[in-house]
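Number of protein chains: 2
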Amino acid sequence: MAPAFQKPFIGIGILGLGVVGSGTVDLLQRNQAELEKKIGIPIQIRRIAVRNLHKQRSVQVNPALLTDNPYEVLDDPENDIICELIGGINPAHKYVMHALKQGKQVVTANKEMMAKSGHDLMHEAAHRKLDLLFEGSVAGGIPIIQPMKNALAGNLVQEVVGIINGTTNYILTRMSKDMADLPDVLLEAQKLGYAEADPSSDIDGYDAQYKIAILSSIAFTSRVNVNDVYVEGIRSLAQKDIAYARELGYCIKLVGIGKRLPDGRMQVRVHPALLPVSHPLAATSDVYNAVLVKGDSVGDVMFYGRGAGSGPTGSAVVGDILDTCRNLKAGSTGRVVCTCFEKRDIQPMDEVETRHYIRMSVQDRPRVLAAISGVFGDYNINIEAMIQKTIYGRQTDIVWLMHEAPGKAIREALQIIQNLDVVVEISNWIRVEE
Amino acid sequence: MAPAFQKPFIGIGILGLGVVGSGTVDLLQRNQAELEKKIGIPIQIRRIAVRNLHKQRSVQVNPALLTDNPYEVLDDPENDIICELIGGINPAHKYVMHALKQGKQVVTANKEMMAKSGHDLMHEAAHRKLDLLFEGSVAGGIPIIQPMKNALAGNLVQEVVGIINGTTNYILTRMSKDMADLPDVLLEAQKLGYAEADPSSDIDGYDAQYKIAILSSIAFTSRVNVNDVYVEGIRSLAQKDIAYARELGYCIKLVGIGKRLPDGRMQVRVHPALLPVSHPLAATSDVYNAVLVKGDSVGDVMFYGRGAGSGPTGSAVVGDILDTCRNLKAGSTGRVVCTCFEKRDIQPMDEVETRHYIRMSVQDRPRVLAAISGVFGDYNINIEAMIQKTIYGRQTDIVWLMHEAPGKAIREALQIIQNLDVVVEISNWIRVEE
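Just so you know, the protein sequences line up as chains A and B, in that order. With the numbering used here applied, the first sequence corresponds to residues -1 to 432, in that order. With the numbering used here applied, the second sequence corresponds to residues -1 to 432, in that order.
Among the hints, a few may not be true.
Each pair may be met inside one copy or between any two copies, as identical chains are not told apart.
[Stated by the list, open to error] Derived lysine to any residue pairs resembling SDA-like cross-links, with alpha carbons at most 25 Å apart:
id : residue 1 : residue 2
1  : K36       : R333
2  : K327      : Q4
3  : K127      : N225
4  : K257      : K406
Source of the hints: derived by calculation from the structure; they are not laboratory data.
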């Protein structure tokens, strides 16, 4: 056990003063007196490493705290907790490892680092009985990692499903409300600062991929290799899909999904999905995030709030700092250990059975429906609902809603269907979640 | 600091094997192997005190564990954690105090005990550096106390607003969906087991009163005296109110409300309220609970799930047991101390400013509106919307939606209005929350 904490304060060293760093510093400064009362010891920001010492900041900081040398933060013996808020893998991973090897507690909001190379960091922290907390890495200010590790830990989690990327949720909300197409909405989101100049990490689903990998690792007590997580972004979504989905009683959201399977494997995937409008996640609009956890005892629990931004993510980082402070005071750092004690495989997407929405464009001729539905029949795919709309006179949209079928059957059936000479194109196919 | 934990297992003693006790025992037994892996030490149920040894139970329990003498649970040195799941003040409070005085950790789901006499128990636990955890006392399986004490602890909480009584929410949902009146729905709820034979604790708001007292104490770091919490139940709600509210774009929910005021005081109150249908809590139907927390950094965060029942509340109790087990292992019990370090007064209801919905029955005569709105004018109460519907020929319903006004102004204006000879009765007045 660690010796009792003897210092008159807990020193915080911060790497990075961007969006999350500013929110963290602002909150620590603003509520300083209150936080000291909650923890019973003063919390002092000792040093902040930034890339550019002279940049204008949105938060008031004593310039003497700033340095452009991260090792002045990492190596300062007065810093008990290092907050890594620079993001990305390099050099963040190197800095965090350096901090741990010197016996420092670490708080991070770095989803990419935790998802891709969290394993050796968690191992190092456990080995040294240090805290390595990362609440801010998923869903911004929404408490989700702490509740899953603590309050819900009695449950075998059956599912964790979330809207965990605010940018795409904003885009899909606007596409739905304004009947707008993706390129226009993306431009608007970029102007508003909700989307990056290079929007790929959000639009193509990688940001959500990191987050669902982290949540599933905790939910199913098995480390998820992020490269094994199927990911499909929202680029192929058309305004039409949203309109047809609405006609069928659904909305379209980019969701991260983790499921425990009876055979011991798990599903972990990110893709657009049709959700019934009555689904608990369906009302999550704009930049809001929500995560639904289904436990074997608690049933459905949902967590909702702002999934990004300075204040919300700063709130999560400070929550982790306070947790670590309490552990430092009690000599109990490292008390919540990594719980990835299983080794589960991820079910391949070909085997994943869901309902499907399929939109295709066909020629307006006799026997078209018979030809297409015959192929579906060959693959044992049952039709639940269908919408046919003629446009341009000789060309017709057909939208199908299919009963549960494995991804492979749908994929192979559509390969055959798209080669039928009456079929102009398979425009889109999207999974349906209940 | 406590010495390292030396025993080969952590012993659990349980008081009460009713709804919550059964859920707790079931979960501890069912997920035993998984929980041991998470905590790193076996968790053993050693003894369970029940009132009737021979009663049929919904959970399979080794009969040798049962005793009808609670002191066989409390005094057994093998029991490290005592779970008090009998409810009520007496003898629960006596047992918990007895357990603490013997140095045992305590987990409870007892809202009434924690709200009414939690103070001396928290004091005793803090003095002895023991855990006294009570996640299950509010909102069943929804993690709300742990997140407020930990992940959200960096925030100054501005508001905590919740639908925290499942029985009344079920009744209001049915009244709204089936256009039914309260007595009929209550009978149905009693048949389904959602309401007690004596429904007063739910219907009259006392259950919600305990819970909002607990949540507000944590949110505003000031112990709330439960007797100071204004409480008004749903008995006076008529089907008509729900219908008129809907016409105005609102639903009616029984809400617990805590607010931090700029002058250092707080509002803590329980009453039916009109919520805009777009309010995040408005979609919370049937027996579900939801709690919305507004923090100065995180913004709005909402927690949603099942607010009662064996599985959900058992999940919360086991979550607390696991937290305590981790503290026992790390020698850090009592690491999260009571944070009621302020002394705030509660604002009297007369001063509380909200918008109001008022329904009255008046005679269908000239100058009625002028007379009534004149009185409102005298009290500086501005009218936002009005509905007038004639029924029975000579009698008319008038429904008013008023702009923000202090409770006192509304109360006094209505006293005068009800004595106007054109006014048959003031049928109801209900606060509006944004």
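Structure-based check of all given hints:
no.: 1; hint: K36 - R333; result: both (20 Å within a copy, 11 Å between copies)
no.: 2; hint: K327 - Q4; result: both (8 Å within a copy, 22 Å between copies)
no.: 3; hint: K127 - N225; result: neither (29 Å within a copy, 45 Å between copies)
no.: 4; hint: K257 - K406; result: within (19 Å within a copy, 54 Å between copies)
When held up to the earlier numbered hints, the structure conflicts with hint 3 and nothing else.
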